[in-house]
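Sequences listed follow chains H and L, in order.
FYI, my numbering numbers position 93 of the first sequence as 93, with every residue one higher than the one before it.
FYI, my numbering numbers position 282 of the second sequence as 282, with every residue one higher than the one before it.
Honestly, the hints are just simulated from the structure, not real lab data.
A hint or two may mislead.
[Stated by the list, open to error] Here are the in silico distance ranges between beta carbons for each label pair: (1) H/GLY53 / L/TYR128: 49 to 55 Å; (2) L/VAL326 / H/ARG283: 41 to 47 Å; (3) L/ILE5 / H/ARG283: 54 to 60 Å; (4) L/LEU451 / H/GLY53: 54 to 60 Å; (5) H/GLY53 / L/GLU40: 39 to 45 Å; (6) H/LYS222 / L/TYR128: 22 to 28 Å.
[To be verified] Only pairs whose alpha carbons sit at most 20 Å apart, straight line, appear in this in silico EDC-like list of lysine to aspartate or glutamate: (7) H/LYS350 / H/ASP217; (8) H/LYS308 / L/GLU343; (9) H/LYS75 / H/ASP45; (10) H/LYS79 / L/GLU343; (11) H/LYS317 / H/GLU140; (12) H/LYS124 / H/GLU340; (13) H/LYS208 / H/ASP339; (14) H/LYS308 / H/ASP318; (15) H/LYS222 / H/ASP212; (16) H/LYS222 / L/ASP448; (17) H/LYS256 / L/ASP330; (18) H/LYS75 / L/GLU343; (19) H/LYS184 / L/ASP224; (20) H/LYS137 / H/ASP318; (21) L/LYS288 / L/ASP448; (22) H/LYS258 / L/ASP330; (23) H/LYS350 / L/ASP224; (24) H/LYS350 / L/ASP169.
Keep in mind the model is a prediction, meaning the values are calculated, not measured.
Idealized CB from N, CA, C, for every residue including glycine.
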Amino acid sequence: MDRVSRRDFVRGVAGLGAAVLGVPGTARAQGAAPREVKGVLTTADVEKAEKEGALVFYGPEIERQLIDVLQAFSKLFPKIDTGKYLREQTGRLYAKLTAERRAGTYLADVCDLTDIAIARDFQKNGGWARYLSPHVKAYEPRFQSEASGHFTWCGADVVGIAYNTNLVPAAEAPKNWKDLLDPKWRGSLNFKDSASGWQGIQWLLFRKMYGDRFWKDMAEQKPRGLASVTQQYERLISGEDKVNGIAQFSVYLKNKEKGAPIAFVFPPDGVIVGPTVTGVVDRAPHPEAARLFVDWLLSPVGQAAYVKANYYYSLRKDVAAPPGGRPIAEMKVLVPDWDESVATHGQYVKEWNALVGLR
Amino acid sequence: MQKLIFFVVVSVCGGFVLYPLAFLVLMALNTGPPTAWPPEQYGLANFAGLADSPAVLLNTLYVSLLSSGMTMVFGCLLAWILSRTSVPGRGILEQLMGLPYYVTPLLGALAWAALGGPRSGLLNQLWYAMGGRAPLVNVYSPLGIAWVMALFEGSVAFVMISAAMKSMDPALEESSQVLGAGKLQTAVRITLPLMTPAILGTAIFVFAEMLGSFSAAAILGMPDRFFVVTTAIWTLILRFPPDYPLAAAMGLSLFAIMAGLMYLYGRIVTAGSYATITGRAFRPRVLKMGWMTWLLFAVCVAYLVLAVVLPMATLGYVSLLRFVTVIPKDVHWTLSNYQSAFEMAPVRSALGNSLLLGVATATIGALLMAVLSLIIYRTRMPGRQLLEYVVMFPQSVPRMVFGLGLLMAWVVMPVPVYGTLWLLLIAYLTVFLPLGVRTLSGVVLQIDRSLEESARVCGASWLYQVRTVTMPLLRPGLIAAWMLLFIASVREVGASVLLVGPRAKVLGPAILSSWESAGTQLTAAMALVQVLVVFAALAVLVATVGRVWRAGDE
Chain H
1 MDRVSRRDFV RGVAGLGAAV LGVPGTARAQ GAAPREVKGV LTTADVEKAE KEGALVFYGP
61 EIERQLIDVL QAFSKLFPKI DTGKYLREQT GRLYAKLTAE RRAGTYLADV CDLTDIAIAR
121 DFQKNGGWAR YLSPHVKAYE PRFQSEASGH FTWCGADVVG IAYNTNLVPA AEAPKNWKDL
181 LDPKWRGSLN FKDSASGWQG IQWLLFRKMY GDRFWKDMAE QKPRGLASVT QQYERLISGE
241 DKVNGIAQFS VYLKNKEKGA PIAFVFPPDG VIVGPTVTGV VDRAPHPEAA RLFVDWLLSP
301 VGQAAYVKAN YYYSLRKDVA APPGGRPIAE MKVLVPDWDE SVATHGQYVK EWNALVGLR
Chain L
1 MQKLIFFVVV SVCGGFVLYP LAFLVLMALN TGPPTAWPPE QYGLANFAGL ADSPAVLLNT
61 LYVSLLSSGM TMVFGCLLAW ILSRTSVPGR GILEQLMGLP YYVTPLLGAL AWAALGGPRS
121 GLLNQLWYAM GGRAPLVNVY SPLGIAWVMA LFEGSVAFVM ISAAMKSMDP ALEESSQVLG
181 AGKLQTAVRI TLPLMTPAIL GTAIFVFAEM LGSFSAAAIL GMPDRFFVVT TAIWTLILRF
241 PPDYPLAAAM GLSLFAIMAG LMYLYGRIVT AGSYATITGR AFRPRVLKMG WMTWLLFAVC
301 VAYLVLAVVL PMATLGYVSL LRFVTVIPKD VHWTLSNYQS AFEMAPVRSA LGNSLLLGVA
361 TATIGALLMA VLSLIIYRTR MPGRQLLEYV VMFPQSVPRM VFGLGLLMAW VVMPVPVYGT
421 LWLLLIAYLT VFLPLGVRTL SGVVLQIDRS LEESARVCGA SWLYQVRTVT MPLLRPGLIA
481 AWMLLFIASV REVGASVLLV GPRAKVLGPA ILSSWESAGT QLTAAMALVQ VLVVFAALAV
541 LVATVGRVWR AGDE
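So here's chain H without its partners, still in its complex pose (with noise of 0.2 Å):
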């Protein structure tokens, strides 16, 4: 913890110096007039992060859309290599990367976490290379870190309640997020497993909503805790399950396109927004390419890129929403407490965990 406040202090005024005297180091990126490259506005210095020629990605999102955004990066880089990646679900993902630091390996270049309150652990623990991107203008305070340029919101997606329209006839739909609790459910509810960032935000939510007794009856229907969202729409649309309680809309827009047996309900009670954030990571063993890619992610083009691969929302005024998305504005949202969410986290996880069969 010392010595994290110490590399952030030595960072801060080697900041302060690079921007009163503008001298070359850690924060000339910050300090630099951005331009533009292929359409990109970065102050990252393209040739050297062409010479660096990979880029490292640690993210929750589902594989397949992970690469989609990787190659439309290295489309416009393509000496840049994006092959080398890690996906896993954010309280995974976190897992490894606080591994692989303690033991002093640093792969990591970029990281995508679903979980402010992991973001932030990370950024107290000196995680983030703070970064501050020519974008990061674009977004409102509530959707960066405390400190802005350790992670900004690349997305959001609503969650609400899905279920199979095979199985579940509309008039027996539930309506709102309490008629989950309907014995007629019992044994056919899916949610995500205590890896999930999104899920530790509905636990606590709820907890707030419709106090502790909430959970404590969820308990008695035995959902099952999945190990991602490909999982719980598969398992809905087969008929395994016939109602997801922590539905990404995103996900439901994909497989409706597709024409899936499904329909989602937007409780009155309001939908989950869900965050995904990005950063730069301390210590990146490609740092240029890092804040080129975090550049291009944060920007339109990056934006459009990544909404068009995941359907999630952008945060940017200027990026349209996902195909078949209604705009955020007009929905009723809920955002837990952060503070709250980083301070119950362990409990999360350990309740999530027993509620899911692991006791």
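Following the hints, put chain L in place on chain H, whose structure we already have.
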């Protein structure tokens, strides 16, 4: 020089085995902050916690008993049919019985999940189409896990039991028949009791393997809210915050049970009072089973269909579909899963890494383990029995638990090995020590000492003798060990899952990760591509080894 080699080999192996275990013990006793190292506080609270909520341990015992029972039925039945009866095509069938080992429980579980999901499984879809109402089978259950594990462990049990059956003198069976007993009566009253030590030994070995097994429990258990020790450890470690102490306590408990069983196994194997192997020459005779021959033949074929043909065909079928269905009008064929598969990490980097690691593990392992076998069985070095014990030790540690120990041990080391292929190599060399040493020691013990002694008498140094006499004599053993180690490391999952990273992906964990996030069809495509490449690599290796061998003989 001799002493130096001994010293290096012994200390490396001792270090490989004991160093991670020490971490495991310390971590299990850590009652302070779970991620602090070294622990700030010691106690037994983690074990007390296990005793309070024993569900995971009981689940593990339950599913292991169930699957061991089934495995033994498969193993005994097949071994008896193929070594004691007159079924047609015995030679070929016997060779084919090894195939399930290559298919692996991981692919087996994936295929059986597609076959036996209660609503969407292909078998159940067919059943509903024929008018069935309740699901015919449900593999997402303890019974389903046990079924898949038994199918694929069955071939190991078969090999162990049939080896024993073949060395049994048939005179006793013949006497029984002469005295008027029927064939089945003879099988149950004579053959089975005679085989008791071999069967018991195999059963214990299989049960211990089941306790540490992971893939089937992950794919078929976790969606059913059913956790065993290995899947629980996986869940506890790969979370934020990770619960290392509880995971270590679970791992040690499992290790304790397994170590006890292995001790028992050793006692049974060495205390054979059922002497049927005598100096009298005998001719292995097979029973003529009459009309039952075809029934027995069908049993063998059925096993191969369930464990090999059906799973592979299912993966092939599913990989070519847009949606998983058996309703002809809904079937949409596509090759897009293969196109995607070639762009994704499991095929692109994991395959290459696995083959590379396989070759490295096999080559380094075979040499290392040959030296160890020579030290243990051919020298009078003090403490060689202790060394034998240490080397065989990983046998009684579930591979996932060893992976956990290695993870904890290397994370705190200043050498940046975690997240690289090096750590995987260390892991494989350690967990496969017993496999390699057992294979090689079998050959070492067969070599007559006098050959080596002649070399020494003629003035050769130890190294010269090893190089010119021992190693050439060991060649068949070395080649067998090489192949075994190669296959074992390519199909490894349990120890690897906790150790992989972006630059160190390997097949098993990569397939598992696709199963989690890429969907059934895509995973099936990737799994098939991998199996085919591994088979092709094996074929090339076998051909090369064969050529080298022949060249050496000329």
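> Which of the listed hints are not met by the structure?
Replying inline: Hints 2, 3, 16, 21 and 24 contradicted; others consistent.
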